[in-house]
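Visitor: Please build the complete structure, drawing on both the sequences and the hints.
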Amino acid sequence: MTEEEWLSIGDLRKHVEQVVAMKQLRKLRLFSVACCLQLEPWIGEPQLLEAINRAEKLADGALSESTIEKWYQKVIRLQRDAVRKHGRQWTAQVAVFKYVRFVCLPSRYSEFSDCWWGLVRPIPLFGEEFTQRGPALAHQLLVDIFGNPFRPVAFDPAWRTSATVGVAQQMYDARDFAAMPILADALQDAGCETADILQHCRDEKQVHVRGCWVVDLVLNKS
54 MTEEEWLSIG DLRKHVEQVV AMKQLRKLRL FSVACCLQLE PWIGEPQLLE AINRAEKLAD
114 GALSESTIEK WYQKVIRLQR DAVRKHGRQW TAQVAVFKYV RFVCLPSRYS EFSDCWWGLV
174 RPIPLFGEEF TQRGPALAHQ LLVDIFGNPF RPVAFDPAWR TSATVGVAQQ MYDARDFAAM
234 PILADALQDA GCETADILQH CRDEKQVHVR GCWVVDLVLN KS
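For what it's worth, my numbering labels the leading residue of the sequence shown as 54, then goes sequentially.
Be a bit skeptical, because a hint or two may be false.
[What the hints assert, rightly or not] Here are the simulated DSBU-like pairs of lysine-lysine, each with C-alpha atoms no more than 35 Å apart in a straight line:
(1) K127 with K274
(2) K110 with K76
(3) K138 with K274
(4) K123 with K76
(5) K110 with K151
(6) K258 with K76
(7) K110 with K123
(8) K76 with K138
(9) K123 with K138
[Stated by the list, open to error] Here are the in silico distance ranges between beta carbons for each label pair:
(10) A115 with R255: 23 to 33 Å
(11) R228 with K123: 17 to 27 Å
(12) K76 with G140: 20 to 30 Å
(13) K138 with R204: 44 to 54 Å
(14) G180 with R204: 34 to 44 Å
(15) I235 with Q142: 42 to 52 Å
(16) D134 with A211: 51 to 61 Å
(17) H139 with S215: 24 to 34 Å
(18) K138 with R228: 30 to 40 Å
(19) K123 with D242: 43 to 53 Å
(20) L78 with L178: 26 to 36 Å
(21) H139 with N201: 36 to 46 Å
(22) R161 with H139: 28 to 38 Å
Calculated directly from the structure, the hints in this document are not laboratory data. Note that this is a predicted model, so its numbers are computed, not measured. We treat Cβ as the ideally placed atom computed from N, Cα and C, and that holds for glycine.
Guide: So this is what it looks like as structure tokens:
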């Protein structure tokens, strides 16, 4: 894959293969969580949201691998119950179970790109509007979490001041990234003039989620 291909939507399968090859499982897990949360309007089973929450905890080291395996099996059982309830009719409400299964995927399967590719493959069940904007949204999530793999950014530890870390941690904890422009200002005050970092923070069209590469750099997460 080339840098030009990465920066355009194109064939998202190539993007997924690229990030799987990077072997950054935490970021892959958070990417899967972000993808699934876009489907929340179709998630009618509360335990699915809890499964997504558990997967997020696993990504940040707050949950064991054995526990996520139990949730993976639980989602499979819930899916079977839903299929029986809906008379095997494949609806959006049933399809979301498959996506949550990917989120709870045991780490030993992390190198199988087809598992992650399923998260960004649009299906008409979610409606025309979502199907049309889904690929662009998935691409934004990829760029937010993995940045530009073809242009690594050096981060000076001196930029981790009480101000930058405070803003970044508050956004991360609240899952509210509206203060990204404020983070950019704080980084500049700390001496950061790296265009890629500042532009990512100030891009009004960019979606930000847990795993955002700039926030991760500030919080020293990998």
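Visitor: Hint by hint, note whether the structure agrees.
Guide: For each hint, the structure was consulted:
A hinted pair counts as satisfied when its Cα atoms are at most 35 Å apart, and K127 with K274 qualifies at roughly 30 Å. The straight-line distance between the Cα atoms of K110 and K76 is roughly 19 Å, inside the 35 Å bound, and the hint therefore holds. The straight-line distance between the Cα atoms of K138 and K274 is roughly 42 Å, outside the 35 Å bound, and the hint therefore fails. This hinted pair checks out: K123 and K76 have alpha carbons roughly 23 Å apart, not beyond 35 Å.
In summary, the hint linking K110 to K151 is supported, as the alpha carbons are separated by about 20 Å, within the 35 Å threshold. Of the supplied pair hints, the one linking K258 and K76 holds, its CA atoms being roughly 28 Å apart against a limit of 35 Å. About 14 Å separates the Cα atoms of K110 and K123, which keeps this hinted pair within 35 Å; it holds. For the proposed pair K76 and K138, the alpha carbon gap of about 38 Å is over 35 Å, so the pair is violated.
Restraint check for K123 and K138: satisfied, since their Cα atoms lie roughly 23 Å apart, inside the 35 Å limit. Between A115 and R255 the beta carbon distance is about 31 Å. The supplied range of 23 to 33 Å therefore holds. Taken as a hint, the range 17 to 27 Å holds for the pair R228 and K123, whose Cβ atoms sit roughly 25 Å apart. In this structure the hint that K76 and G140 lie 20 to 30 Å apart at CB is violated, the actual value being about 42 Å.
The hinted range of 44 to 54 Å is satisfied by K138 and R204, whose Cβ atoms lie roughly 49 Å apart. Checked against the hint of 34 to 44 Å, the C-beta distance between G180 and R204 comes to roughly 36 Å, which is consistent with it. Under the hint 42 to 52 Å, the C-beta atoms of I235 and Q142, about 48 Å apart, fit the expected range. A beta carbon spacing of about 54 Å between D134 and A211 agrees with the range 51 to 61 Å that was offered as a hint.
Separation of H139 from S215 is about 52 Å and departs from the stated range, judged on CB atoms against 24 to 34 Å. Take K138 and R228: their Cβ atoms lie about 31 Å apart, and the range 30 to 40 Å holds. For K123 paired with D242, a C-beta distance near 46 Å keeps the hint of 43 to 53 Å intact. In this structure, L78 and L178 meet the distance hint of 26 to 36 Å, their C-beta atoms being roughly 29 Å apart.
With their beta carbons about 42 Å apart, H139 and N201 fall inside the hinted range of 36 to 46 Å. Separation of R161 from H139 is about 31 Å and conforms to the stated range, judged on CB atoms against 28 to 38 Å.
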